[in-house]
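Enquirer: All chains, please: the whole structure from these sequences, using the hints.
Okay, here's what each chain looks like letter by letter:
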Amino acid sequence: MNNLLVLLMVVPLLVGIFLVFIPNYIHIHRWSTFVSLLINAGLSFWVLQHIVNNGIVTVDFGNWEAPFGISFVGDSFSVLLVLTTNIVSAICVLYAIKTIGLSREKMYFYPFVLFLVAGVNGSFLTGDLFNLFVTFEVMLLASYALITLGGTKKQLQESFKYIAINVVSSSLFLVAIAYLYGLLGTLNMAHLSERIATTGQTPLLTVVSLLFLIVFSLKSGLLLYQWLPGSYSTPSPAVAAIFGALLTKVGIYALFRTFTLLFYHEQQITHLIIGIMAAITLIGGSIGAIAYSNIRLIVSYNVIISVGFILVALAVMNITAIEGAVIYLIHDMVVKALLFLLAGSMIYVAKSERLGDISGLIRNYPVLGWMFFITVLSLTGIPPLSGFFGKVLLGIGVIEAKSYILLALSMLSGFVVLYSLLRIFMSCFWGETIISEEEEIPLKKSQLIPSAILVLLTIGIGFGVEGLTPYIQDAAETLMNPEIYIDAVLEK
Amino acid sequence: METLIIIVAGVLVTSATYLILSQNLIRVILGTGVLTHAVHLLIMAMGGFSGNVVPIIGEKGNTYADALPQALILTSIVINFAVAAFFLVLAYQVYNRMNTDDLSKLRRYYHE
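Chains A and B are the protein sequences, given in the same order. Letter by letter, the first sequence follows residues 1 to 492 in our numbering. Letter by letter, the second sequence follows residues 1 to 112 in our numbering.
Hints listed in this document are in silico derivations from the structure and should not be mistaken for laboratory results. Hints should not be assumed to be uniformly reliable.
As the list claims (entries may be wrong) - Straight line, CA to CA, 25 Å or less: simulated PhoX-like cross-link-like pairs of lysine-lysine: (1) A/K444 <-> A/K153; (2) B/K105 <-> A/K153; (3) A/K98 <-> A/K154; (4) A/K351 <-> A/K444; (5) A/K402 <-> A/K98; (6) A/K154 <-> B/K105; (7) A/K106 <-> A/K445; (8) B/K105 <-> A/K161; (9) A/K351 <-> A/K98.
Unchecked claim - Which bits of chain A does chain B cover? Going by a derived footprint, with three or more residues having C-beta under 8 Å, they are: (10) 127-139; (11) 148-161; (12) 171-177.
As the structure is a prediction and not an experimental result, all values here were calculated from the model. Note that the Cβ used here is the ideal one computed from N, Cα and C, for glycine as well.
Expert: Following this line, the structure appears as structure tokens:
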């Protein structure tokens with residue numbers, strides 16, 4: 001049973017490597033990618049079921065026991081995210097099959113997606129900080145390739161910035177790891193947590209934790225998000241959807257893991273700073289979402305707002321808020337992918353990214369319009385769609401912690417999300433129809449199906465949240481009680 | 001010995017920062033390379049540096065160096081090799097497509 005956990009990273013990796021050797025069989029590329037991601041989703045659901053019933057699953061590679069060898073640790077939080085990652089990326093691949101174009105497919109698009117998913121899954125599952133660095137790099141290298149795939153001028157310019165900032169932040173990550181190793185002499189997360197708990201979080205350790213905060217903030221787009229809108233708005237829609245849904249979430253996961261498992265002793269310093277950063281992110285993201293009139297930029301700024309919103313939960317650090325954050329994280333992965341796919345379809349049919357150039361699409365493409373409207377409602381948190389429950393729980397948690405400024409900012413950001421997306425909806429779908437019937441670019445059914453599946457998923461999560469509750473509660477409980485994690489890994 | 005290595009790492013970080021902040025594509029890439037090497041030295045120093053013992057537990061010897069930092073550095077070198085290779089190819093592509101290696105001139109393309 002335990003070894004299944006490794007498959008979640010190894011399956012996409014092996015399929016990806018295999019596909020590199022058969023570059024001419026694009027059909028095999030397409031369907032084996034899709035099917036392997038679905039198989040992976042099934043496996044992760046199975047593992048999740050096992051974790052909820054029997055506790056955390058760990059694998060020690062090569063039978064080197066926990067603090068000495070490299071281990072994979074699957075708790076409900078990480079495996080829930082792995083499950084969502086696989087489902088969302090499978091649907092994005094389905095969209096890519098119809099839209100990405102043969103030339104990009106032949107440049108190993110599908111292997112890169114699989115490597116990216118392998119890196120993301122590995123980052124969620126690893127129980128070792130240095131291994132987290134390695135899986136981060138696997139993910140980032142695949143993302144460098146995907147962001148430049150196609151090689152338009154704008155892509156090349158934006159990706160240079162993206163790569164430069166990520167290389168520098170990876171170096172900072174290594175610096176932080178080096179300091180931590182020098183101070184505590186271990187890199188296994190459970191072992192680290194135990195040692196920090198016994199020696200106490202000394203000022204030096206707090207400084208190191210702030211270094212980690214900077215690194216993961218760069219990756220997740222918390223406060224240091226200036227690179228994000230440009231680089232997320234240049235690649236093709238399917239790639240942008242995968243980026244928007246997955247990449248920042250890995251940074252958020254790393255923040256949650258380090259600041260609930262390792263550095264939770266000096267909350268008046270570290271978590272206060274996280275709270276301030278989340279507040280500034282919410283404000284900055286909101287300003288960006290309102291200020292621009294380019295659809296892709298508005299959508300990218302919405303990613304930033306949700307990053308700030310989720311990290312409010314980490315700042316207040318109580319179980320209700322964390323539960324809310326876990327639900328919201330899952331919801332956000334689904335809905336952000338949906339939003340990027342719909343924006344991509346709109347730009348495809350209207351041949352423009354600017355709000356002023358598009359109008360009256362609802363007459364030509366009613367299904368697209370309605371799906372966009374449902375997405376807007378879900379993102380804003382209108383019941384019974386999936387955004388509602390996360391927002392309510394997070395809100396209750398923030399009230400319990402009596403941080404009213406964060407409460408006000410996070411709820412106001414909801415209005416900004418509503419305003420910025422309704423602005424797209426009203427100016428693009430309402431108004432005079434500018435595309436005549438002869439000029440209309442047919443939007444194939446196959447291009448709408450992936451978005452439709454995601455719409456059903458957000459409605460489904462909304463109605464079926466009762467079924468998700470045991471997993472969410474288990475995830476939040478493990479996050480709030482590091483002993484559960486430590487005991488499972490070190491097998492006491 | 002540790003002090004010396006830390007000073008060297010500091011000098012490398014300084015020059016890397018200067019290079020990364022410059023206008024030239026190749027200089028930025030070289031800067032990231034120098035930065036990662038500085039970090040490798042730091043990892044080595046943080047692992048403790050006893051000077052003349054090997055990282056293997058011999059049958060007779062009772063002192064040995066910590067082998068882990070070297071494993072970490074090796075992994076990191078491999079990763080950075082891949083990243084640097086990709087980065088250089090990207091810079092070449094940028095130069096090919098836009099006939100410039102000046103970052104401030106690249107900006108114009110974005111605003112068109």
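Enquirer: Against each hint, give a clear statement of whether it holds in the structure.
Expert: Results of checking the hints against the structure:
1. Under the criterion of a C-alpha separation no larger than 25 Å, the hint pairing A/K444 with A/K153 is inconsistent with the structure, at around 29 Å.
2. With a C-alpha separation of about 13 Å, the suggested pairing of B/K105 with A/K153 holds against the 25 Å cut-off.
3. For the suggested pair A/K98 and A/K154, the alpha carbons sit about 23 Å apart, so the restraint of at most 25 Å is met.
4. For the hint linking A/K351 to A/K444, the alpha-carbon distance of about 16 Å falls within 25 Å, and the restraint holds.
5. Distance restraint check for A/K402 and A/K98: the Cα-Cα separation of roughly 49 Å exceeds the 25 Å cut-off, and the hinted pair is therefore not satisfied.
6. A C-alpha spacing of about 13 Å is found between A/K154 and B/K105, which places the hinted pair at or below 25 Å, so the restraint holds.
7. The suggested pairing of A/K106 with A/K445 holds, with an alpha-carbon distance near 24 Å, which does not exceed 25 Å.
8. Of the supplied pair hints, the one linking B/K105 and A/K161 holds, its CA atoms being roughly 14 Å apart against a limit of 25 Å.
9. With a CA separation close to 17 Å, the supplied pair A/K351 and A/K98 stays within the 25 Å bound.
10. Under a criterion of three residues with beta carbons nearer than 8 Å to beta carbons of chain B, the stated coverage of the segment 127-139 of chain A is upheld, 4 such residues being counted.
11. Counting residues of the segment 148-161 of chain A whose CB lies closer than 8 Å to any CB of chain B gives 9, so the stated coverage by that chain holds, three being the minimum.
12. Check on the segment 171-177 of chain A: 4 of its residues sit with their Cβ under 8 Å from a Cβ of chain B, so the three-residue criterion for coverage holds.
When each numbered hint is compared with the structure, violations occur for hints 1, 5.
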